[in-house]
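Peer 1: Per the working numbering, the very first residue in the sequence shown carries number 3; after that it's consecutive.
No lab work stands behind these hints, which were simulated from the structure alone. Hints may be right or wrong, so weigh each one.
[Claimed, not checked] What follows is a list of derived Cβ distance ranges for each label pair:
(1) S87 with L64: 22 to 28 Å
(2) D323 with Y273: 25 to 31 Å
(3) T43 with F71: 39 to 45 Å
All C-beta atoms in this analysis are idealised placements derived from N, C-alpha and C, irrespective of residue type, glycine included.
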Amino acid sequence: MAEIKKTNNDVPVTRTGKKKPIDETGRELKVKGHSAIYSVTIAVIYITLVLIASAVLSYFILSIGNDVFALKKTERTAEIDLGASPTVIDVSNELYEKGIIRYPTIFRLYARLKLDDGEVFIPGTYTASSLQNYDSLIKMFLEQTPERRIVTITIPEGYTVDEIIDLFISEEIGTREGFVDAIQNGEYNYEFIKRLDAKPADPNRKYRLEGYLFPDTYYFYSDWEETQIVNKLLAAFDSKMSSEMYRFVDASGFTLDDYITIASIIQREAYFNSDMENVSSVIHNRLKNSGKYPKLECDSTVLYAMGTHKTDITDEDLHYDNPYNTYVYDGLPPGAICNPGWASIFTAMYPAETDFYYFVSRSNGEMLYGRTLSEHQKNVATVRSENKSR
């Protein structure tokens, strides 16, 4: 710092001779040359703190909502033991300690709002799941139910929504009306659902979630609600998706729903996995050359449109007027025609590079492919001849 000197009239000056400012009493005034920078710094710090606080608050609110409604949670089950005269506090603490809920205080507030005067939880041992929402948990503790039954259900690749519903009903789990409502109107917190629901609604689409109920072997409790079951199937689908796949879809010119629709057709057309890439190539080739091949002409879409699984399709069937019939309507159908497995989904995104535009299935499931209509007609004649000789 510059050395301060005194002038003859006792006014402080710097080494350069410049006078320092003084007040009426002769005291030196401090210069606030950095006051503007200081104010800006304080403002920036304040705004940053507000933004951080807002982000933390938003995360907290979303986290609470996820806990209350069980929108997207890791599955965990636990035995919950309620002793004599269990209180809301007892129940919330037990659920928290067993990892079923994250916010016991929120559960207490929610339960007190939901419980009628005089309603009490029933003592006993319950099996609770983290996929149950608060309503389901509260309802479970209010009802004296028999021992819960665990049911194993295998959903085969290529099953439709209707066939999946029939599987659960055969095990006395849920109702058709409940499943249809969960599929058509249920709220689920997954990226692929957000993308699906962002599309304009197509009144011709039969089931909103057709194609997304992932085929696999599952374990369910017999008293689970339909939305819990559907959510578990969707969670399995979500586990197969990755950020790389979403980036691929975004750069491809197709939507994810387009790929799932293509995959569902591949699933129903190709008997062997080894044929899936070529079947996919036929579909993609026709979509790319829609001027010459406006219709996909896939038998599986006719059967879905008619709601049947018959093997012999007539000329009359091919002209069945339904938006899912790709012999009548151009391009892809309004949605998937079944729930495809992973191999079908993968080959829908990554088809083989061929110049095939036709395929026909032999009685043993093998495919014959054609580049031109004349080649295809020869293949069809071969298949018909084989069938007659059987």
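Peer 1: Next, verify each hint and record whether it holds.
Peer 2: Structure-based check of all given hints:
1. One distance hint, 22 to 28 Å for the beta-carbon pair S87 and L64, is violated here, with the actual separation near 35 Å.
2. Against the hinted window of 25 to 31 Å, the Cβ-Cβ separation of D323 and Y273 comes to about 28 Å, which satisfies the hint.
3. Against the hinted window of 39 to 45 Å, the Cβ-Cβ separation of T43 and F71 comes to about 43 Å, which satisfies the hint.
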